[in-house]
Every structure is written in C-alpha cells, then in structure tokens.
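So the sequence lines, in the order shown, correspond to chains C and Y. Reading the first sequence from the start, the letters are residues -9 to 335 in the working numbering. Reading the second sequence from the start, the letters are residues -9 to 335 in the working numbering.
Don't read these hints as lab results, they were simulated from the structure. Wrong hints could be hidden among the right ones.
Heads up, the list lumps identical chains together, so a pair's fine if it works in one copy or across two of them.
[To be verified] Computed cross-link-like contacts, SDA-like style, restricted to lysine to any residue with a CA-CA straight-line distance of at most 20 Å:
id	residue 1	residue 2
1	K164	V202
2	K178	G203
3	K244	V21
4	K68	A181
5	K178	A101
6	K244	K268
7	K158	F271
8	K69	R327
9	K68	D317
10	K269	L160
11	K208	T104
12	K69	V35
13	K237	A181
14	K237	A174
15	K208	F271
16	K237	F271
Number of protein chains: 2
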Amino acid sequence: MKIAIDAMGGDFAPSAPVEGALLARERYPDVELVLVGREEDIRSVLREAGKSDLPAGVSIRNATEVVEIADESATAFKKKPDSSLTVGLNMVRDGEADGFVSAGSTGALLAGATLLVKRIRGLRRAALAPTFPTATGKAVLLDCGANAECTVEYLLQFAYLGSYYCSKVLGVEKPRVGLLNIGAEEEKGDALRRETYQRLAEANGRGDIRFVGNVEAKEAMMGVCDVIVADGFSGNVMLKTIEGAGKMLGGLLKAMLLKNAGTKLAALLLRGGLRDFKKVFDPNEVGGTALLGISKPVIKAHGSSNALAFCNAVRQAVEVARSGIADDIARDIDKMRIDRTEDGK
Amino acid sequence: MKIAIDAMGGDFAPSAPVEGALLARERYPDVELVLVGREEDIRSVLREAGKSDLPAGVSIRNATEVVEIADESATAFKKKPDSSLTVGLNMVRDGEADGFVSAGSTGALLAGATLLVKRIRGLRRAALAPTFPTATGKAVLLDCGANAECTVEYLLQFAYLGSYYCSKVLGVEKPRVGLLNIGAEEEKGDALRRETYQRLAEANGRGDIRFVGNVEAKEAMMGVCDVIVADGFSGNVMLKTIEGAGKMLGGLLKAMLLKNAGTKLAALLLRGGLRDFKKVFDPNEVGGTALLGISKPVIKAHGSSNALAFCNAVRQAVEVARSGIADDIARDIDKMRIDRTEDGK
C-alpha cells in the first residue's frame, strides 16, 4: 500500500504534510508514503527537523509547480501540469500510488480528481463526504459543497455512496440513511426532496439501502442516522454551521473558565473532560473528507491541517483503498440510475 | 396597545399562554392582553393558579375550536373558523388587537396570517425571521422555513424586510446584510445566489441596504453580519443545526460536569457562568419568531414555549407594532420589486 501526499497544499505546507508523512510511517509501518512537491522545500523541512535522510518507506516525487489560491479551480490541474496536485493525481491514476491526500484547494482537487482519476463509471457526480460529530457518535454528510445544484439522481447516488462508505470504511452495520429536509413528513420540502424521498423509499424497499426518511438538521445532530443526504448547498450550510457553533460555544466556554480564580480552579478540575470536549470538534482528529465517487481514493485534508491531521488523512486513504468500495459501487451502479425515459426527463 | 394571545397553541397550552399573559401584564403595564380560546379551559388555569378573577387589562375572547397537529396547515384556519388561531388573526385584521402571538402550528399560522391579515401590498412572500445567537451578539435569519423554494425577488425582499426589522425593531444602526452562501466570492453558489448577489449589490449602491456580500454559515455564527438572507430550505437547515449543536454540546457539557465529585465541584464554581451559557441557547429568552411581511404583527412563539417565552413574544409583538415597520415597507415597496420585463421573466 502506497499513499501519495501533496507536500505543497494547506496552510502549514510543506512542514505539516512532511511531518504528517513521517508520523504516518511510524504509526502504519505497512504503508509507504510518497511526498509530492518541490524536493528542495521538502528536504529543507527534513533538515530543520534534524533528519538528514528520509526514513525507509518514505520517498519524494519532485513536482516544481504549486497550485495557488489565485488559480482557477476548474483549470488549475491542467495549467500547472507539474504541480504537486496534478503529479499526485496522475500517480494514482497510473497505479503508482493507491491513494492521494491533499490539503490544497478543494475545488482544484475535485476538478483534477474528476478529470484525471475520473469518476466511477455511471456516477453523475462526486461528493464531498465529511463526517461530523453527533450526540451518539458520528455521521457522514454528503454532498457538502461539491455540487451546489443537484438532481434527484445525484441525491439517490449520494445515498448509495454514503451508505457503502459508512458500512465498508467506517464499519457501521446497515447504516441508517436520512434525507436532510425541513420537516419529517414525506411531503415536506421542495420538489427535489419529495421526488428523492420516493426514490430512496424504493431503494429501501428493494433492500439496497436502509432509508429512515426525512431528517431535520437538529435530529441529525442528535444521531438519528449514520448518513445524511443533502444537496451541496444545504449540506455545506449544515457543516459550516456545526463548525461555527462549535467555535462560538468553545469561545464562550473559554471566557467562562478564565473569568476569575474560582472559574480557573474549575477549569483545572475539568481538564480531562475539557480535552475530550475539545476533541469532539477538532477537525485534526478526523483527518479529511473523502471525495466519494472518484474511482480511486482521494482525500481532501482540511486547509489548516497539522501533522496529526495529515497522518489521519493517510489512514483514511488506506481504509478507503482496502475497503474495495469503488468496486462495489461500480458493480451495483445500475441500482443507482434513474431511467430517463421512465420519468420523462 | 392590545395584544391577542392564542391560549390553545403550544405544548403547554393553556397554562403557559395564560401565565405568560399575566406575566406580560405585570411587566408591561401599558399593554392589554386578550386570551383567545376556550373560556372554560382558560378559567380553569386561572383557578388552579389561585386567581378567581382576571386582573384588569387581561380579558378572554371565547373561541371553541382548536387547530390540531392533524389539521392540514393550509386550510386549518378556514375549516375551523371558531378556532383560537382564526379568531385571534381576525381580531388583528379587524383592528380589535394590535398584534397576535401563537405557539401553535407554524404552517397554519402562516397560512392564516397570509390569507386573513394579508401580506404588505407588493410583497411576494412572508418570511419566518428568528434571531439566533452569534459570538458577538445576535443576528436575524430569514427565511427560515416558510418558503422552501425561492426566487431572486423573494430573497431581495427578505433582505429589505430583515434590514428594516433589524434597524426599526432591534435597534441596530445600519444593519449589515449578508447572503448565506457556500463561499465568500461573488461568483459562488448556484444561479439563485449569483443573481441575488447582483441585486443586493445594486440595492447597496443605491444606499437602500448595507450589503456586506456572501457569508458562509461559520462566519455568520461569528457575527459578521446582522441580517442573513437565505432561502427557506437552507435557512431552516442553519437554524436547526444551531439548535442541534447547542443541544448536543449542552449534553456533553452536562455529562462532563456530572462525572465525579471533582467535576461537580467545578460545576458549583461555574454556576453563574453556566446559567449565562445556557441562556444563550434558551429559546424562551428570545420569545418568538416574527412573521415578516404580514401587514400587522404576528409572532410565532416556539412550540415548547413556557410563560416567560409567551411574555417575551408579547414584548416582541409590541415592539413590531410600535416600530411602524409595516408602513415603512409599504412606502418603499417599489425598491424591492424586480421588473419582470427588465430581466425577461
């Protein structure tokens, strides 16, 4: 198993991806890592870390260009053919790596993955599928921003993608799939939601997925389902609201604990619990977001990833690769299609 | 000033609305209250509270029917003409009350308000406009579920409605209006968002509103704007996610504090701060959600409203009535219209 890491992507590149690779090598000794990016920059990080040589199982693939924020997402991979992003994706496409991790631009990674590595045949769109914390554990939310406008077929396919990911990669038996909506009843929401509801109910009837109906965001946070199907717009709103609410409440909590000597003592008494509390909303603990629907494992690590986040993203890439989920989806693709003559579209 | 209260709506009716009315009468002595509902039920609550007579300034308007969950939202007000909801709305329409507060079905209240009290002339849709807590204060979010599918004109009108509400009722000078989107740049989001962005920028250019651009949900939670404009679907997702995240984090916090003797001592040391912390997410502190765009004040109190929540909702109704916001909107309605010949629709 060999995972390529974009050494130039993210707020703390190249140090965080390089250190993340070294950490991953320690934690997962059967996984080889390839750092993709400017060799001199990578070597300079290694020198600063006091390592003159790369450890066995970690190598460098030189790539001279870097995709920048100013580059247009849709075309960056093409206009910078020797960028770490393009070189890494091509390695995956060509079988030189089993997966790719990048903390660079989401849009550029998605466009590059779609056009170089390609989607699983028959899938209309790839989806960003992060996990988020719930009151009882965690859930997968997709799509989360790759597709602002969705059709019924996209959402149907997201339901399958999320369900397979949840069972094959996260190990949840018979994952409960919910449709993000503004009410629980079948007829709630807009035309997109009402038709999707019917399609998901049919898939449930066939035993393909376990559809538990419409879910409101509040209930989703309480943990009533394992997979939440959403269009990329409202899914992104939900994800960003969770992040914002966590940040806001964390700030309030901190202010409360630092108020005076008494509250500081309280903070001391709670330190173990506070650490766990903080972990719940720490994106570094999750690692990254799988780009579901791409034919090979591509993981988007979040922009502010530290070494631990890169290490966790590598673990994710390995888990996706080992799960064989892409093969399962390809095999079952006919179940996820809407016959366009059937519904007159 | 006279406010009608639906005595039969909400999880704790009739006791919560009746007690809320008595509390409001104490707190706002220049406001008269009319309890609308089954007189015998209302009198029975009063007897249980040890009050044989109604205090001066609180009266009962008998209404024999009750809108139930099973009733269809769109037609309930019509099919039950002697319901507390219909009688209360008619009182507002006929000038017998200056505002109406109900914790009953949102859909039934919205349909009844739209068809009995009517929208301000020229407005395409009314919007649910709750306030939510941010890191720096609070913000108004609209629409939040009344309109799952929106046009550019609806969103443009919501921006004006929210801006007027925020300045005239909440007292924010030159409120900052943001468009809820999945990225900050002008071209982000779907076609609806891109066209709305242009319209809002034009309104800003004319000095009608203060448009600060696209905002992501995370930044909105941090308090970067005072008014957030959203379609009813994603607005509802944001609101419910805030509620869910607050509930989930509250639960985690509670578990952390009850863990052992040490953490219980910490809880004791923090009790003042914890009370404030809890208040931030307590919907009873807010009162209710204004139905903006209706020609007279109609406030939806949340379903689980207690007496304090009803009292706060009465205050809101009074504030909306005194603000004269409906007149301002009616006067400026031409600014909020999109000429359909102009954009070829």
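Results of checking the hints against the structure:
Proximity of K164 to V202 under the C-alpha cut-off of 20 Å is restricted to the intra-copy arrangement: shortest distance 11 Å within a copy versus 45 Å between copies. Taking the shortest alpha-carbon separations for K178 and G203, only the intra-copy value of 11 Å comes in at or below 20 Å, while the best inter-copy value is 30 Å. Taking the shortest Cα distances, K244 and V21 never come within 20 Å of each other, neither inside one copy (39 Å) nor across copies (41 Å). Taking the shortest alpha-carbon separations for K68 and A181, neither the intra-copy value of 37 Å nor the inter-copy value of 26 Å comes in at or below 20 Å.
Taking the shortest Cα distances, K178 and A101 sit within 20 Å of each other only across copies (16 Å), while inside one copy they are farther apart (33 Å). With identical chains, the CA atoms of K244 and K268 are at most 20 Å apart both within one copy (11 Å) and between copies (14 Å). Within a single copy, K158 and F271 get their C-alpha atoms no closer than 24 Å, and across copies no closer than 37 Å, so neither meets the 20 Å cut-off. With identical chains, the CA atoms of K69 and R327 are never at most 20 Å apart, being 34 Å at best within one copy and 43 Å at best between copies.
When the C-alpha separation of K68 and D317 is checked against a cutoff of 20 Å, the pair qualifies neither within a copy, at 28 Å, nor between copies, at 56 Å. In this assembly of identical chains, the alpha carbons of K269 and L160 lie at most 20 Å apart only when taken from the same copy (19 Å versus 37 Å across copies). For the homomeric pair K208 and T104, neither the shortest alpha-carbon distance inside one copy (33 Å) nor that between copies (27 Å) is at most 20 Å. Taking the closest pair of Cα atoms, K69 and V35 never come within 20 Å of each other, the shortest separation being 27 Å inside a single copy and 74 Å across copies.
For the homomeric pair K237 and A181, neither the shortest alpha-carbon distance inside one copy (34 Å) nor that between copies (30 Å) is at most 20 Å. Within a single copy, K237 and A174 get their C-alpha atoms only as close as 28 Å, which misses the 20 Å cut-off; across copies the closest is 19 Å, which meets it. Within a single copy, K208 and F271 get their C-alpha atoms as close as 17 Å, and across copies as close as 13 Å, so both meet the 20 Å cut-off. When the C-alpha separation of K237 and F271 is checked against a cutoff of 20 Å, the pair qualifies both within a copy, at 8 Å, and between copies, at 14 Å.
Going through the hint list in order, the structure does not satisfy hints 3, 4, 7, 8, 9, 11, 12, 13.
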